[in-house]
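Use these hints to put chain R onto chain V, whose structure you have.
Take a look at the letters that make up each chain.
There are 2 protein chains.
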Amino acid sequence: MTPDEFRRHGHEVVEWIADYFETIRDRPVLPPVQPGDLTAQLPAHGPEEPEPMDRILADFRERIVPANTHWNHPAFHAWFSISGTPPAVLAEALAAALNVNGMLWKSSPACTELEQLTLHWLGEWLGLPPDWFGLIYDTASTAGVHALACARHRADPASRQHGNAGRHYTVYCSELAHSFIEKSAMTVGFGLDAVRRVPVDSAFRLRPDALSALIAADRATGRTPACIVATIGTTAVASVDPLPAIAEIAAREKLWLHVDAAYAGAAAVSEKYRHHLAGAAAADSFAVNPHKWLLTPTDLCAFYTRDPAALRGAFSLVPEYLRTDDGSAVNLMDYGFQLGRRFRALKLWFVMRSYGRRGVAAIIEGHCDMAADFASRLLADGRFEIAAPVEFSLVCFRFRGSDEENRALLEAINATGRAFLSHAVVDGRYVLRMAIGNWQTSREDMTKLAAMVTNLAPGAC
Amino acid sequence: MTPDEFRRHGHEVVEWIADYFETIRDRPVLPPVQPGDLTAQLPAHGPEEPEPMDRILADFRERIVPANTHWNHPAFHAWFSISGTPPAVLAEALAAALNVNGMLWKSSPACTELEQLTLHWLGEWLGLPPDWFGLIYDTASTAGVHALACARHRADPASRQHGNAGRHYTVYCSELAHSFIEKSAMTVGFGLDAVRRVPVDSAFRLRPDALSALIAADRATGRTPACIVATIGTTAVASVDPLPAIAEIAAREKLWLHVDAAYAGAAAVSEKYRHHLAGAAAADSFAVNPHKWLLTPTDLCAFYTRDPAALRGAFSLVPEYLRTDDGSAVNLMDYGFQLGRRFRALKLWFVMRSYGRRGVAAIIEGHCDMAADFASRLLADGRFEIAAPVEFSLVCFRFRGSDEENRALLEAINATGRAFLSHAVVDGRYVLRMAIGNWQTSREDMTKLAAMVTNLAPGAC
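Respectively, the protein sequence lines represent chains V and R.
The numbers in our numbering rise by one with no breaks, and the one at position 327 of the first sequence is 327.
The numbers in our numbering rise by one with no breaks, and the one at position 257 of the second sequence is 257.
Certain hints may be false.
Between beta-carbon pairs, the in silico distance windows are [what the hints assert, rightly or not]:
1) R:G428 - V:E48: 37 to 47 Å
2) R:S316 - V:G366: 34 to 44 Å
3) V:V425 - R:E124: 41 to 51 Å
4) R:R8 - V:D369: 28 to 38 Å
5) V:M452 - R:D37: 27 to 37 Å
6) V:K254 - R:R400: 51 to 61 Å
7) V:G36 - R:D37: 47 to 57 Å
8) R:R8 - V:A165: 54 to 64 Å
9) V:P157 - R:A217: 26 to 36 Å
10) R:S328 - V:V425: 18 to 28 Å
11) V:E5 - R:D381: 35 to 45 Å
12) V:E15 - R:G36: 39 to 49 Å
13) V:A213 - R:A217: 42 to 52 Å
Rather than coming from a laboratory, the hints here were simulated on the basis of the structure.
Note that the structure is a prediction, hence the values are computed from the model and not measured.
We put the beta carbon where it would ideally sit given N, CA and C, even for glycine.
Next comes chain V alone, as it looks inside the complex:
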């Protein structure tokens, strides 16, 4: 593709993206397709000869997009709702053109320094300690693997050499914490049995007394408690674990405390919600995903630690063929197992500058207000209950009827194509989850959604 061909198709792509943002409400959020439908439309073998970009872009528009679940749709309310905003789209195109691997400072001073700087900026926006070391991983799952590895390194610095070496490490989190904790425990060789799910209180928050008891029981049976994972904004209901009490236990027991604030951590950009991070300064590591609620496309997990030496201890090698002469710069490859490093900081930098702290805070506050308003409308209807406190932009609700009726309601909503919600099981009951996180979601969208939900529920007039 010559530069002029790139210009022609590039301008076409820019127009398509602008139209997509503008007209996205006309598309069904969930595509009406079955497994295999897309595959059946595409050639079973790759082409021997080059194909013209016109044909590739036509297939993108006519085959790929109609088989896509539109995460960037303002009526995408499933799991956690996210945003790929226009400034970040520009940054991703630029990052792909530069195509750096920021493994070393020397391999891209720009990538290394901008990653450190944007994470410092973001830490300030969230009120995190200014001396924490920040870097970017792909996902909160990868952050979890690194946190457990740091915990192991603290419990036994020689684990770098001899691995788990017969120890039975244990990890603690609330029963509502994310499943990445089990996956991380499997990955680092602790196994599923190592994960202790701590009971929660009536507001779905980890119970510190139960945590202490579990740690004591494990010590009594010769296990090695290594890590506590506290959650700010649990996946099912967005509850907030009591960080100050948990941090006290972690300090007393000398355990690594990882705070998973993947979704709700972003709320601290607004002073109104910053109190939810009270106690976070006592953590050893902290993860928030700008690709969730900070207007940045996937993937970008911001990871902070007070103890970067633990990361280096657990992961740094520096083989001869990667050795550079200058020892004064940070080489980000020393802080994790992934050598390759995309220029992810660029999109975060574009977003932070385009919106400013106040702009981001206004969007987040708007989402929270819309969520509270949606909950009020359902309550006012009389046929619904709210299944968990609405602290952020997630509403867990339930038609006052059977699980089967709620499941049917969810299916009816999603089948319209005009919204996509997900579900959870809370206190043994099936509940619907409505999450807001898209930059284009408006009050009008939410009014329509509330009307649709009430109209589709049994007993609608």
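Using the frame of chain V, we list chain R on its own:
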């Protein structure tokens, strides 16, 4: 940013990228900056208020780009040289706009099915067994972590529950294999001590007899040999381990055989180089990075396995809040520890279609021919030796003098800004590495480079 503002700045970005591709030879490959130079030019704190995109793009052009090491430069010959090609840049912009998370089929049928399809296409291009299961990870390092986890699962299926459980797993690779193997071993809790570096022969290939002996010694001392990693294209010299003999040992010893073909695997797209993968069909897992030599920007590692059940056994959980009704579709989150999944397949699909297999093969063959020609020119000069067989697009060479003279030569080359090479230590001696992998590198570029190297070496006329 309104759709019209996106249009305006989007077109500006497209023009900038086209100019960048067109005029990239005018830029120094390595920026003349010191650690902290960029940081000192940027505000220490993020902005409270939104900033105009004109200013952000100006800072990108005037501050970020001049502090960048240009991996996409045709004279980037360090480590392994890579390409972010124009079609893939378009795909990355589109992927950022769609912003899907392909964790489940339902969460993006398009992402899930295109990932399976493109990896099937690529497997055919490389001559891999058609029934292998393929999926995308970010990097070869992450592929390594998954391979070791699969190896552990095969050695002890209950490790899913009880982790490493007092076993001392061991891992085998050549002394020239990539450092991700140590990092993976540290990550999964085997520790550095678990990695056995097997001696190589005079052509830098793992010695099967030494491998057998090391495995026997470990069994004799109660260790649990779990995984062999064979390399097609080692990092330092791009040597090729003898796969058929290694596969025989792996089968006899019932060890998981992972093939790391991150760089050189791509060469098999050309029939001329496909023989280097002879024996790969007997592997348990295989990784090649299209972001290295397959014209695709970072990050994209293609991972194949004959035994997807091992991946599921080691990683699948499927918690309630992610459960979907239909059991017939592949949910890619079940095949690794990372839940989040970017729409990476889109850029690979754009590249494979834009170039076709013949187009990719022609570029790869061209790179190999240029490398061979470069080696010939150095040999013809008389003052240089070639430090390792040139099988692909990497030339390891050495001025016939001291390590210090070679180090000075490398520094002199890189200081010109007109090329960037790296180094390695081979057989205890310092050698220069010149890798070709950029879509824009031409024979004329290489002629100039050879002239520069010979002119800068001691004793030039």
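Right, here's what the structure says about each hint:
For the pair R:G428 and V:E48, the beta carbons lie near 46 Å from each other, so the given range of 37 to 47 Å is met. Distance hint for R:S316 and V:G366: a CB-CB separation of about 38 Å, consistent with the stated range 34 to 44 Å. Remark: the range hint 41 to 51 Å for V:V425 to R:E124 is upheld by a beta-carbon distance near 43 Å. Taking the beta carbon of each, R:R8 and V:D369 are about 31 Å apart, inside 28 to 38 Å as hinted.
Range check, V:M452 to R:D37: Cβ separation about 55 Å, and the 27 to 37 Å hint is violated. Under the hint 51 to 61 Å, the C-beta atoms of V:K254 and R:R400, about 57 Å apart, fit the expected range. Between V:G36 and R:D37 the beta carbon distance is about 53 Å. The supplied range of 47 to 57 Å therefore holds. Range check, R:R8 to V:A165: Cβ separation about 60 Å, and the 54 to 64 Å hint holds.
Hint check: V:P157 to R:A217, Cβ distance near 28 Å, so the stated range 26 to 36 Å holds. At roughly 23 Å, the beta carbons of R:S328 and V:V425 sit within the given window of 18 to 28 Å. About 39 Å separates the C-beta atoms of V:E5 and R:D381, a value consistent with the hinted range of 35 to 45 Å. At about 41 Å, the beta-carbon gap between V:E15 and R:G36 stays in the expected band of 39 to 49 Å.
Distance hint for V:A213 and R:A217: a CB-CB separation of about 46 Å, consistent with the stated range 42 to 52 Å.
Violated hints amount to a single one, hint 5; each of the other numbered hints is respected by the structure.
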